[in-house]
Amino acid sequence: MNYAQFLTMQQELGVLAVFLIVFLFDTFCGKNSRSAVTPLAIVCFAAVTIYGFFCTGTGEAFGGMYVTSPVISCIKSILNLGALIVLIQAVPWINSEEGSVRRGEFYELLFVTLFGMYLMISARHFLLFIIGLESASLPLAAMVAFNKNKYESHEAAVKYMFTAIFSSAILMMGLSFVYALSNGSLYFADLAESIALGSNSVLLVTAIAFVIAGFGFKLSLVPFHLWTADVYQGAPTTVTSYLSVISKGSAAFAFLVVLAQVFGAVYSDIWEWMMYALIIATITIGNLFAIRQRNMKRFMAFSSVSQAGYIMLGIVAANVLGMTSMIFYILVYIFSNLGVFGVIQAIENKTGYVSMDDYRGLHKTNPWLSFAMTLAVFSLAGIPPFAGFFSKILIFTGATESGSVALYVLVLIALINTIISLYYYLLVVKAMWISPEEPVVPAFRSACTERFGLWICCAGIIFLGLISCIYGWIYGVSEIAATEGFFALLG
Amino acid sequence: MNLTMLMYLIPSLIMFACGVYGFITRKNLIAILISLELMLNSVDLNFVIFNRFLFPGQLEGMFFTLFAIGIAAAETALAIAIVINIYRSIKKIDVSEITKMKF
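Residue numbers (the working numbering), protein chains in the order written: chain A, 1 to 491; chain B, 1 to 103.
Derived from the structure by calculation, the hints contain no laboratory data. A hint or two may mislead.
As the list claims (entries may be wrong) - Dumping the calculated DSBU-like pairs for lysine-lysine here, alpha-carbon to alpha-carbon at most 30 Å: (1) B:Lys92 / B:Lys102; (2) B:Lys100 / B:Lys27; (3) A:Lys148 / B:Lys91; (4) A:Lys430 / A:Lys350; (5) B:Lys27 / A:Lys150; (6) B:Lys91 / B:Lys27; (7) B:Lys102 / A:Lys148; (8) B:Lys91 / A:Lys150; (9) A:Lys150 / B:Lys100; (10) B:Lys27 / B:Lys102; (11) A:Lys148 / A:Lys31; (12) B:Lys92 / A:Lys148; (13) A:Lys364 / A:Lys350; (14) A:Lys430 / B:Lys100; (15) A:Lys364 / A:Lys430; (16) A:Lys350 / B:Lys100; (17) A:Lys350 / A:Lys150; (18) A:Lys150 / A:Lys31; (19) B:Lys92 / B:Lys27; (20) A:Lys148 / A:Lys350; (21) B:Lys91 / B:Lys102; (22) A:Lys150 / B:Lys102; (23) B:Lys92 / A:Lys150; (24) A:Lys31 / A:Lys350; (25) B:Lys27 / A:Lys148; (26) B:Lys102 / A:Lys350; (27) A:Lys148 / B:Lys100; (28) A:Lys430 / B:Lys102.
Just chain A, with the same shape it has in the complex (with noise of 0.2 Å):
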């Protein structure tokens, strides 16, 4: 065997040695010194990110069943990033009483998932890719189960653990309906050959439905989307904005991939429309459902949802436009999102507050807390000067270049829906900025770690708009990707 081989897997190595770090130094160092387990794994996996934007070489392992490319290693890239902000934000939580008892298992968990994901997105052949998943999915039901003393976190991880498990036996039956159409083989490259060669028969449409409703559960499109609020609202706030952010941006990533390397070849014949029912039942439903939540768990769920949505835009345009502003998307949404979840862990650990009402006037009290709660918001909402704003803008020109006049429709709806999500996403910054009744949460100085984090999140609403060569990277690589024949099925 050649060994050699595994050093084409770089950043899946570098977690894995940060997970191993993380756990031997738990497991052998005494009790004294188990808290400098947090600044360990952060230093470590900070070294692993920053490690992980000089990875761009091409390769594959195992035969093939492995495959890493730079538009790969970019978005590993964005997610390490987005894990790292995760990370940092987390500090006061895992040193509280509630987190405390279990730090070194919080940290290995969230590595093993990030290793899974990574897997997930490398994979070209089906077995490595479900087993990534299942090491993805499976940690993190430990996770949204990590407080033990909390009612609510066991609920959420039924719920979780069980759509989880469902999800993936649905997926893995549209994959045997694949697997008896192929030629005997689980690469993505010889399935794909075999389904251009047949035509469209009944059970490549029921595989293809079985396939897209699996990663509708992980994507909480909006058939599938039951379990989100639920679990995010019972998860503690740190697994939900993992959950939200790096879970979600890993699956939409390994979803194109699927769907433009393995089913390219039916594109305009079976997919294309499955997804434009979805993306529309998605966008507008997650919208309409957000209005009218209280608690901003749940309100992010929901948003979270119709977010979904639009990136499920870059999946349907399938070009390299579509692909950049996909990636972009991820990257601007990890921002906003972890800002706007970076808001609420920090009053939720001062106050326990997380009801939209205890918002109230927190101008007043916290006007730090609001100005980048309101930052985040706007750039979800996709207010011009902020990054959401050129997130949209692309998302949407990717979407409309092919130039199809279902395309343009779809297009139309998802603006229209975006002036809906603009009012619920006011409603938070009314809710801060112009409510007259006196500020519920007290006047506190929330924990460095959170505010640097909500600094890297500001800065990054704020920039990544404007600085356009993040965009030209990611642009770069998705050709480099384009020329390698990633969307040559697509014709």
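Could you slot chain B onto chain A? The hints should help.
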């Protein structure tokens, strides 16, 4: 008697449908977990059947099944652990009681 592929596939698909039905209608968390196991096992069966009848010279489906069985076991273990947590905190494992968070 010569058994065709369909004779194996139909029980497998019935098993999957039973699993989905059980997942939706059962009230007990353990019963739901059993339904999920039915679904996962029918997937395993499907892979084995397709491999045996369509691609007798290859083993990819069999390998997938072996890994899927392992993954299903891990899923069950974790789900049972979570159900035990629920039981410890409210002394019930009935889904109609696990409704603190709704809508």
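Q | Pair hint outcome, lysine 430 (chain A) versus lysine 100 (chain B) [Cα-Cα no greater than 30 Å] | A | holds, 29 Å
Q: Measure nothing beyond the straight line between the CA atoms of lysine 350 (chain A) and lysine 100 (chain B); if it is 30 Å or shorter, mark the hint as holding.
A: holds, 24 Å
**Q.** Hinted pair lysine 27 (chain B) and lysine 148 (chain A), Cα distance within 30 Å
**A.** Cα-Cα ~24 Å, so holds.
Q.
Does lysine 27 (chain B) sit within 30 Å of lysine 91 (chain B), going by the straight-line distance between their CA atoms?
A. Measuring from Cα to Cα gives roughly 15 Å; hence the hint holds.
**Q.** 30 Å limit on alpha-carbon distance, applied to hinted pair lysine 350 (chain A) and lysine 150 (chain A)
**A.** With a Cα-Cα distance of about 17 Å, the restraint between lysine 350 (chain A) and lysine 150 (chain A) holds, given a limit of 30 Å.
Q: For the pair we were handed, lysine 102 (chain B) and lysine 350 (chain A), check the Cα-Cα distance against 30 Å.
A: Holds, at roughly 26 Å.
Q) Does the structure keep lysine 92 (chain B) and lysine 102 (chain B) at a Cα separation of 30 Å or less? A) Measuring from Cα to Cα gives roughly 18 Å; hence the hint holds.
(Q) Hinted pair, alpha-carbon criterion (30 Å max): lysine 150 (chain A), lysine 31 (chain A). Please report holds or violated. (A) holds, 25 Å
Q) Are the Cα positions of lysine 150 (chain A) and lysine 100 (chain B) separated by 30 Å at most? A) Holds, at roughly 12 Å.
Q.
Need the status of pair lysine 91 (chain B), lysine 102 (chain B): alpha-carbon distance at most 30 Å?
A. Since the Cα atoms of lysine 91 (chain B) and lysine 102 (chain B) sit roughly 20 Å apart, the hinted pair holds (cutoff 30 Å).
Q: Measure nothing beyond the straight line between the CA atoms of lysine 150 (chain A) and lysine 102 (chain B); if it is 30 Å or shorter, mark the hint as holding.
A: Holds, because 17 Å separates the two Cα atoms, which is no more than 30 Å.
Q: Given the hint that lysine 148 (chain A) pairs with lysine 31 (chain A), test it: the Cα-Cα distance must not exceed 30 Å.
A: Holds. Lysine 148 (chain A) to lysine 31 (chain A) sits at ~21 Å (cutoff 30 Å).
Of the hints listed earlier, there is not a single one the structure fails to meet.
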